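K.L.:
One-letter residues, chain by chain:
Number of protein chains: 2
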Amino acid sequence: MTDLKIVSVAITPVALKDPPLLNSSGVHEPFALRSIVEVHTDAGIVGISEAYGDDATLALLHRAATAVVGTDVFDLNELSRRVAEAVGGSEASSPTELIGAASHDKTVAQAFAAFEVACFDAQGKATGRRVVDLLGGAVRERVDYSAYLFYKWAEHPGDYDVDPWGEALDPDGIVKQARRMVERYGFGSLKLKGGVFPPEEEIEAVKALRQAFPGRPVRIDPNANWTVETSHRVAAALEGELEYLEDPTPGIPGMAEVAAKTSLPLATNMCVTSFAEIPESVRLGAVRVILSDHHFWGGFRATQNLAALCRTFDLGLSMHSNTHLGLSLAAMTHIAAATPNLTYALDTHTPWKSETEDVLVGGGLTFTDGAVTVPSGPGLGVELDRDAVARLHEQYLTCGIRRRDDVGWMQRVRPEWTGKRPRF
Amino acid sequence: MTDLKIVSVAITPVALKDPPLLNSSGVHEPFALRSIVEVHTDAGIVGISEAYGDDATLALLHRAATAVVGTDVFDLNELSRRVAEAVGGSEASSPTELIGAASHDKTVAQAFAAFEVACFDAQGKATGRRVVDLLGGAVRERVDYSAYLFYKWAEHPGDYDVDPWGEALDPDGIVKQARRMVERYGFGSLKLKGGVFPPEEEIEAVKALRQAFPGRPVRIDPNANWTVETSHRVAAALEGELEYLEDPTPGIPGMAEVAAKTSLPLATNMCVTSFAEIPESVRLGAVRVILSDHHFWGGFRATQNLAALCRTFDLGLSMHSNTHLGLSLAAMTHIAAATPNLTYALDTHTPWKSETEDVLVGGGLTFTDGAVTVPSGPGLGVELDRDAVARLHEQYLTCGIRRRDDVGWMQRVRPEWTGKRPRF
Numbered sequence: 002m003t004d005l006k007i008v009s010v011a012i013t014p015v016a017l018k019d020p021p022l023l024n025s026s027g028v029h030e031p032f033a034l035r036s037i038v039e040v041h042t043d044a045g046i047v048g049i050s051e052a053y054g055d056d057a058t059l060a061l062l063h064r065a066a067t068a069v070v071g072t073d074v075f076d077l078n079e080l081s082r083r084v085a086e087a088v089g090g091s092e093a094s095s096p097t098e099l100i101g102a103a104s105h106d107k108t109v110a111q112a113f114a115a116f117e118v119a120c121f122d123a124q125g126k127a128t129g130r131r132v133v134d135l136l137g138g139a140v141r142e143r144v145d146y147s148a149y150l151f152y153k154w155a156e157h158p159g160d161y162d163v164d165p166w167g168e169a170l171d172p173d174g175i176v177k178q179a180r181r182m183v184e185r186y187g188f189g190s191l192k193l194k195g196g197v198f199p200p201e202e203e204i205e206a207v208k209a210l211r212q213a214f215p216g217r218p219v220r221i222d223p224n225a226n227w228t229v230e231t232s233h234r235v236a237a238a239l240e241g242e243l244e245y246l247e248d249p250t251p252g253i254p255g256m257a258e259v260a261a262k263t264s265l266p267l268a269t270n271m272c273v274t275s276f277a278e279i280p281e282s283v284r285l286g287a288v289r290v291i292l293s294d295h296h297f298w299g300g301f302r303a304t305q306n307l308a309a310l311c312r313t314f315d316l317g318l319s320m321h322s323n324t325h326l327g328l329s330l331a332a333m334t335h336i337a338a339a340t341p342n343l344t345y346a347l348d349t350h351t352p353w354k355s356e357t358e359d360v361l362v363g364g365g366l367t368f369t370d371g372a373v374t375v376p377s378g379p380g381l382g383v384e385l386d387r388d389a390v391a392r393l394h395e396q397y398l399t400c401g402i403r404r405r406d407d408v409g410w411m412q413r414v415r416p417e418w419t420g421k422r423p424r425f
Numbered sequence: 002m003t004d005l006k007i008v009s010v011a012i013t014p015v016a017l018k019d020p021p022l023l024n025s026s027g028v029h030e031p032f033a034l035r036s037i038v039e040v041h042t043d044a045g046i047v048g049i050s051e052a053y054g055d056d057a058t059l060a061l062l063h064r065a066a067t068a069v070v071g072t073d074v075f076d077l078n079e080l081s082r083r084v085a086e087a088v089g090g091s092e093a094s095s096p097t098e099l100i101g102a103a104s105h106d107k108t109v110a111q112a113f114a115a116f117e118v119a120c121f122d123a124q125g126k127a128t129g130r131r132v133v134d135l136l137g138g139a140v141r142e143r144v145d146y147s148a149y150l151f152y153k154w155a156e157h158p159g160d161y162d163v164d165p166w167g168e169a170l171d172p173d174g175i176v177k178q179a180r181r182m183v184e185r186y187g188f189g190s191l192k193l194k195g196g197v198f199p200p201e202e203e204i205e206a207v208k209a210l211r212q213a214f215p216g217r218p219v220r221i222d223p224n225a226n227w228t229v230e231t232s233h234r235v236a237a238a239l240e241g242e243l244e245y246l247e248d249p250t251p252g253i254p255g256m257a258e259v260a261a262k263t264s265l266p267l268a269t270n271m272c273v274t275s276f277a278e279i280p281e282s283v284r285l286g287a288v289r290v291i292l293s294d295h296h297f298w299g300g301f302r303a304t305q306n307l308a309a310l311c312r313t314f315d316l317g318l319s320m321h322s323n324t325h326l327g328l329s330l331a332a333m334t335h336i337a338a339a340t341p342n343l344t345y346a347l348d349t350h351t352p353w354k355s356e357t358e359d360v361l362v363g364g365g366l367t368f369t370d371g372a373v374t375v376p377s378g379p380g381l382g383v384e385l386d387r388d389a390v391a392r393l394h395e396q397y398l399t400c401g402i403r404r405r406d407d408v409g410w411m412q413r414v415r416p417e418w419t420g421k422r423p424r425f
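Chains A and B are the protein sequences, given in the same order.
Following my numbering, the numbering of the first sequence begins with 2 at its first residue and continues without gaps.
Following my numbering, the numbering of the second sequence begins with 2 at its first residue and continues without gaps.
So here's chain A without its partners, still in its complex pose:
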């Protein structure tokens, strides 16, 4: 086989419609930003991946894109070195505060991941192998996802398309949303995005879900919007009711305090979102489940390293999701299928995406009984729909959003809103 050197990289920012989903920061804006990364090689093979699409990420990706030209798609160490050099001392940036504090390491990891995934896709296309096979082989051909439930408004403030999900502002609304989502997708696990309403209301929502879906695992994620005291109270009220309690309170020491007083496993994608944060967390026993995410942990191999760390320290492994398109879903499915100890159902925002919006030929992957089957073609096994990419890029150009700002969008409706955490 000849080399497979990168000759150019195309980065296309896209915007997809996003419903008014509520969280501890505020509310999702009418459009979410992503980017499509295409790595062109001298053999004519093109590897693709999906990344964040905010201005800061795009600037980083463009700098890295110039630097990686000439690298072989198998030479991930060289790719990493060049991306780190290109990112250099540039100010750390995070596409959202909902995945924890920004750091230089995380900034490099995010930029690298976008290229690493595309390189794996190219490797697969070149060798006629699926990415899951290059990652060590599928331990499961079907990857389970969870129903990601959100408190939400019926519609955005202003003149925007109305999503089909309707309002969900109380336990009844959440149960109704869950029923609809479970009926449509077949999810076996439920996750409630909390930190929105007073904890007592969210406790009621969890209990309503438990009653409506007996035996189905339920998680709640208030995105660190509770004090340690509040977390103690909620944890006590939900003992035995949760699969795990995700990021009740900010910071590793705070999480450790909460963990010390509950039998519920604490999970995180906020206080441990990089390797550098693992030692303190292990020392303090802060969390028992880490939510991986190849987009910010540094790609597929980094996720496998994280999985090995979790095995070694007897930590559970799950997977986090930000709003995404089908290309990210394909990547998530491949790495999850190759990771034996990723045993929890993964988060995904797919149900919140308009069914008519995606970047893949065929409109994206589908769920059966809550699971996505690993695509069977070489590489990631999915193909870009050029017209669809062009449409979503056009939408990016006209949507007016250039960085995610859940706080600012909430301020349209509630001018006094600050998004400051913990609020309860």
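Simulated from the structure, these hints should not be mistaken for lab results.
On a predicted model such as this, the values are computed, not experimentally measured, just so you know.
Backbone N, C-alpha and C define an ideal beta-carbon position, used for all residues, glycine too.
If you want a taste of the chain A side facing chain B, the calculated C-beta under 8 angstroms gives, among others: (1) Asp76; (2) Arg130; (3) Pro341.
Computed spacing ranges between beta-carbons, pair by pair: (4) B:Ala93 / A:Ala238: 41 to 49 angstroms; (5) B:Thr367 / A:Glu86: 31 to 39 angstroms; (6) B:Ser91 / A:Arg387: 55 to 63 angstroms; (7) A:Gly89 / B:Thr344: 19 to 27 angstroms; (8) A:Thr369 / B:Arg392: 52 to 60 angstroms.
We have chain A already, so just place chain B on it with the hints.
P.N.:
Here is chain B on its own, set in the frame of chain A:
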């Protein structure tokens, strides 16, 4: 690309001549045992690796060999599952007590590694890629090794070939041996296998080496043959003189006690030789350098996972060696070249091997300025010399040794010998 399914596995035990090298267990026997594993695929491609060759290992390899037939060489997860199942509840065995206590996990890891490395070789041959490239790319094309110095007798008791190295039983002998080894191979680092003579004599040997080779890093490895008290004394005497102090005393708690009183980094390939042993070591701060070894850590990917763990917990990473042939040297070179934080010069027993004995075409890899260049061909980039394998297999058949027994061989000369540790 079609599948690359394993259709059969050949396991050939071989014996190579071994000089009377002294260690804390006793003395090397006149022959060391290894095995050559050949994984045949339905595409006609054959992947090769080198493993231990004692009876217990051979029995395990044979059981696993039957179980892995039908597995694709890329499907390492399935390979792992099948090997673990084949090993089953069989009694844990270790090819030598010098790599720590046996455990079930380590037994599985050892058996798996033999197949995983051969599968990587096959993957490389099938894709036209070097193993180092499949492992993420070469961060270095030349891998540094250290001069592995041993106290030794001039010859074995009995009627055996005499090696060309002569006797080394005191600081002068060790310095003379080092000079010869450095002249011949160009090694830039020196490692003394200690735990043989009273510590004061070995301290003198280290100091003599430091004087004879100014500026060159020196390590000493008494294989846990010192009490904590003795270790404190030796560490104090060698403050500032050692690159690291390897396994002065048995067990993680003992190592932690030694570590607490010295500025010398402690290293190990005895008290932390599996992932299960890492948490306690981290908690107690027992070691600052882990010596990897793909043969017992579970192969290439496991070594990369170990490397990620070491990066995360700010531990150094080096590499251990048992007596081996050129096929293992090739494997060690590939994984080291792909591992950025494997920054110490690796251990190798290569100089102790007869120059006329190897299993590779061309007689094995060569050292220039203490380093081995990563072979350039696909896979591991080396080829079996069938006649050489046959000769060493014949030697295996006639040598009479079926498991390593340094204690027993020492008892030929010193009947009262027990090999009990710590002796000093």
